[in-house]
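Sequence lines, in order, name chains A and B. Take 1 as the starting number for the first sequence in UniProt numbering and just add one per residue. Take 1 as the starting number for the second sequence in UniProt numbering and just add one per residue.
Derived by calculation from the structure, the hints in this document are not laboratory data. The C-beta atom is built at its ideal place from N, Cα and C for all residues, glycine as well. Where hints are given, some of them may not hold.
Stated by the list, open to error - So the derived list for chain B, only partly shown, Cβ under 10 Å to chain A, looks like this:
id, residue
1, A72
2, F120
3, T174
Unchecked claim - Beta-carbon label-pair distances, calculated as ranges:
id, chain 1, residue 1, chain 2, residue 2, range
4, A, M51, B, H133, 52 to 60 Å
5, A, H53, B, R250, 50 to 58 Å
6, A, L103, B, K64, 34 to 42 Å
7, B, H133, A, L27, 27 to 35 Å
Letter by letter, the chains look like this.
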Amino acid sequence: MTVLGVALLALCTLVGVFLGDLLGILLGVKANVGGVGIAMMLLIAARIWLMRHDRLGHATKLGVEFWASMYIPIVVAMAAQQNVVAAVSGGPIVIIAAVGSVLLCFAATALLGRIGGRPARDGAEAEPAATVIAGDVEAPSPVRPTTAGGR
Amino acid sequence: MLHMLEHVFVEQSLVAAFAVIGGLMLVSNVIGKRLTGGRVHGSAIAIVLGLVLAYLGGLATGGKHGLADIPALAGIGLMGGAMLRDFAIVATAFEVDVIEARRAGLLGVVALALGTVLPFLVGTLTAVAFGYHDAVSITTIGAGAITYIVGPVTGAALGADSTVMALSIATGVTKAVMVMVGTPLVARLIGLDNPRSAMAYGGLMGTVSGVAGGLAATDPKLVPYGALTATFHTGIGCLVGPSLLFLAVRALVG
């Protein structure tokens, strides 16, 4: 049943967010600490368990994958409700602090990504996810210019 | 007639949001394919269009939630709100390559630490350069450079001035927008094309909305890896902002 996949996803999210809140209280923070990250790990564990016991049906998978494929539209909706006016009208201090930290972090990403070398194997295993998350219903085209390939 | 149509949109807010966002994505994909020859990802265009619409919506209504402040488009607030966003992010974890994620674990921790300290340094130095001298204001603006949630949480904990809080939030929002728009542009340059660097990127950039949008526009395959580390970022920032970082700033400026 498809709803089982959705329910599994919901359960993982609820437990993860709850644990994130709990972790926040334990640390004395007024915020959720890694709730979504914990939920993601729970879902990964659930998937491995289900696969090992051969209980991961097509419908269950569909229930989760539908939401994964809705991810980009949801992000677009998220972008459409940002307080862009405040961001634009914040003045030089806001622009300098934001641009400076973003550039510095981009540079650090380049640095950290290179430490320890490039991964030996390509993410072939993760490949199906690309089409799921991208929300492509059609078969993936052989040429995908936007994915930085050519390694 | 128009009034009836608006009534339907208000009543069916989430359904209307699905239709509107779907239309926006369709237009963006066509623009990406036809006008840029596939060089720019349709989702990158959709996100930028979303931000532009948010700006116009904000100007039109004077509200804080962009397009979602227009009553007929209020469903966008629900569709793109934290609840469904987190739900969809968790769903992307379903296809994570466990071995890859585990191998990059330590890298993620290092990235999280750097991603908290580096923006904070830039934020505090900017605050000092613009004439702020008290530890509370400097820390609050610095925390805003971490994410737009860390800023106000830190400011509230320290009792910062409301204009400083507004600056702090604006810094965080600008950062998120910059990350969304900038990531696809610099992805190739910074080697953002594998799960490893995506995890480092998520920890460094921190802002979940920025990372979510930036990776979606760059390469959807990398989304779960970046999101995995990014979701820890705000919590850690809220933890060290009003405590460790504030004490460090106070020790320096007195």
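Tested hints:
Annotation: B/A72 was flagged as interfacial toward chain A, and the flag is violated, the nearest CB pair being 13 Å apart, outside 10 Å. Checking B/F120 against chain A: minimum C-beta separation of about 8 Å stays under 10 Å; hint holds. A distance limit of 10 Å between C-beta atoms decides the matter here; for B/T174 the minimum to chain A is near 4 Å, and the interface restraint holds. Range check, A/M51 to B/H133: Cβ separation about 59 Å, and the 52 to 60 Å hint holds.
The supplied range of 50 to 58 Å is met by A/H53 and B/R250, whose beta-carbon atoms lie about 55 Å from each other. Between A/L103 and B/K64, the C-beta spacing of about 27 Å breaks the proposed range 34 to 42 Å. Remark: the range hint 27 to 35 Å for B/H133 to A/L27 is upheld by a beta-carbon distance near 30 Å.
Consistency note: the structure conflicts with the earlier hints numbered 1, 6.
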